[in-house]
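Generate the whole structure from the sequences, applying the supplied hints.
Numbering (the numbering used here), first residue to last: 43 to 217.
Keep in mind the hints are simulated off the structure, nothing from the lab. Please note that the accuracy of each hint is not assured.
20 Å max Cα-Cα, derived SDA-like pairs, lysine to any residue [to be verified]: (1) 182 / 49; (2) 160 / 148; (3) 110 / 187; (4) 81 / 179; (5) 81 / 97; (6) 147 / 213; (7) 81 / 172; (8) 192 / 111; (9) 147 / 159; (10) 106 / 169; (11) 121 / 46; (12) 106 / 182; (13) 147 / 192; (14) 53 / 188; (15) 110 / 158; (16) 129 / 75; (17) 147 / 212; (18) 53 / 192; (19) 192 / 140; (20) 53 / 64; (21) 81 / 141; (22) 129 / 63; (23) 106 / 159; (24) 182 / 98; (25) 192 / 175; (26) 81 / 136; (27) 174 / 115; (28) 147 / 158; (29) 160 / 63; (30) 174 / 107; (31) 147 / 46; (32) 48 / 100; (33) 182 / 63; (34) 192 / 148; (35) 154 / 69.
Beta-carbon label-pair distances, calculated as ranges [as the list claims (entries may be wrong)]: (36) 118 / 50: 14 to 22 Å; (37) 142 / 47: 14 to 22 Å; (38) 79 / 133: 42 to 50 Å; (39) 72 / 93: 22 to 30 Å; (40) 163 / 76: 21 to 29 Å.
All of these numbers come straight from a predicted model, not from anything done at the bench. Quick reminder that beta carbons are idealized off the backbone N, C-alpha and C, glycines included.
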Amino acid sequence: MAIYNKAEIEKGLEEKVNAINQYISALNLEQFEATPGNKWSAGQNLDHLIRSIRPLQVAYSLPKIMLKIMFGRANRPSKTYEELVEKYNTRLSAGGRASGIFIPKTIVFSQKDRLIRKYNNQKQQLISKIRKQSEEDLDKYILPHPLLGKITLREMLFFTIYHNEHHLRILLERK
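Printed below as a string of structure tokens:
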């Protein structure tokens, strides 16, 4: 998947979030709540993705001066989508896991439709905020990531796109 500029990022977010939501919307109660091998259920995977995208709503709304004060500025060019994915997978292979606020709670089937709507709304809000960013700013400002360290705004969006693909793959491999 060739992703770099804002239009490609927006398209990637649309495709990946929609794919997760479509997959989960088709699940029955047993499939949605199943925790094979004590792994997260489909509902917990969705909750984790919502927990992961929520902080971006705040970050991409902050004035640039606040981003600079809080996190600094990039001292290198943004990685490509492929380089970011490789770095993330390397960190996962080394034992990296979700922690803190990113660990989902127990999710029951009655929450499914509400969570799907919530995740779709989060995606739409993030896309709206991306549209207000300049291409230059996506490479200039940084945010902290729990596994990847400080990464540019562009790299955080790359991560968000891939993160959906990663969790969908996990769910699909259960079949």
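Evaluation of the provided hints:
1. 182 / 49: holds (18 Å)
2. 160 / 148: holds (17 Å)
3. 110 / 187: holds (16 Å)
4. 81 / 179: violated (38 Å)
5. 81 / 97: violated (24 Å)
6. 147 / 213: Holds, at roughly 17 Å.
7. 81 / 172: Given pair residue 81, residue 172 is violated - Cα atoms ~33 Å apart, limit 20 Å.
8. 192 / 111: holds (14 Å)
9. 147 / 159: holds (18 Å)
10. 106 / 169: holds (18 Å)
11. 121 / 46: Answer holds: residue 121 to residue 46 is near 10 Å, not above 20 Å.
12. 106 / 182: holds (10 Å)
13. 147 / 192: violated (27 Å)
14. 53 / 188: violated (25 Å)
15. 110 / 158: Measuring from Cα to Cα gives roughly 33 Å; hence the hint is violated.
16. 129 / 75: violated (31 Å)
17. 147 / 212: holds (18 Å)
18. 53 / 192: Since the Cα atoms of residue 53 and residue 192 sit roughly 24 Å apart, the hinted pair is violated (cutoff 20 Å).
19. 192 / 140: The given pair, whose Cα atoms are some 16 Å apart, holds under the 20 Å limit.
20. 53 / 64: Roughly 16 Å between the alpha carbons, so the hint for residue 53 and residue 64 holds.
21. 81 / 141: holds (15 Å)
22. 129 / 63: Violated, at roughly 26 Å.
23. 106 / 159: Outside the cut-off at roughly 30 Å; violated.
24. 182 / 98: holds (16 Å)
25. 192 / 175: Cα-Cα ~19 Å, so holds.
26. 81 / 136: holds (18 Å)
27. 174 / 115: holds (19 Å)
28. 147 / 158: Roughly 16 Å separates the two Cα atoms, so the pair holds.
29. 160 / 63: Given that 20 Å is the threshold and the Cα spacing comes to 10 Å, the pair holds.
30. 174 / 107: holds (15 Å)
31. 147 / 46: violated (33 Å)
32. 48 / 100: holds (19 Å)
33. 182 / 63: violated (32 Å)
34. 192 / 148: At roughly 30 Å apart (the allowed maximum being 20 Å), residue 148 and residue 192 break the hint.
35. 154 / 69: Holds, at about 9 Å.
36. 118 / 50: 14 to 22 Å: holds (21 Å)
37. 142 / 47: 14 to 22 Å: Cβ of residue 142 to Cβ of residue 47: about 32 Å, so the range 14 to 22 Å is violated.
38. 79 / 133: 42 to 50 Å: violated (22 Å)
39. 72 / 93: 22 to 30 Å: holds (24 Å)
40. 163 / 76: 21 to 29 Å: This hint holds: roughly 26 Å between Cβ atoms.
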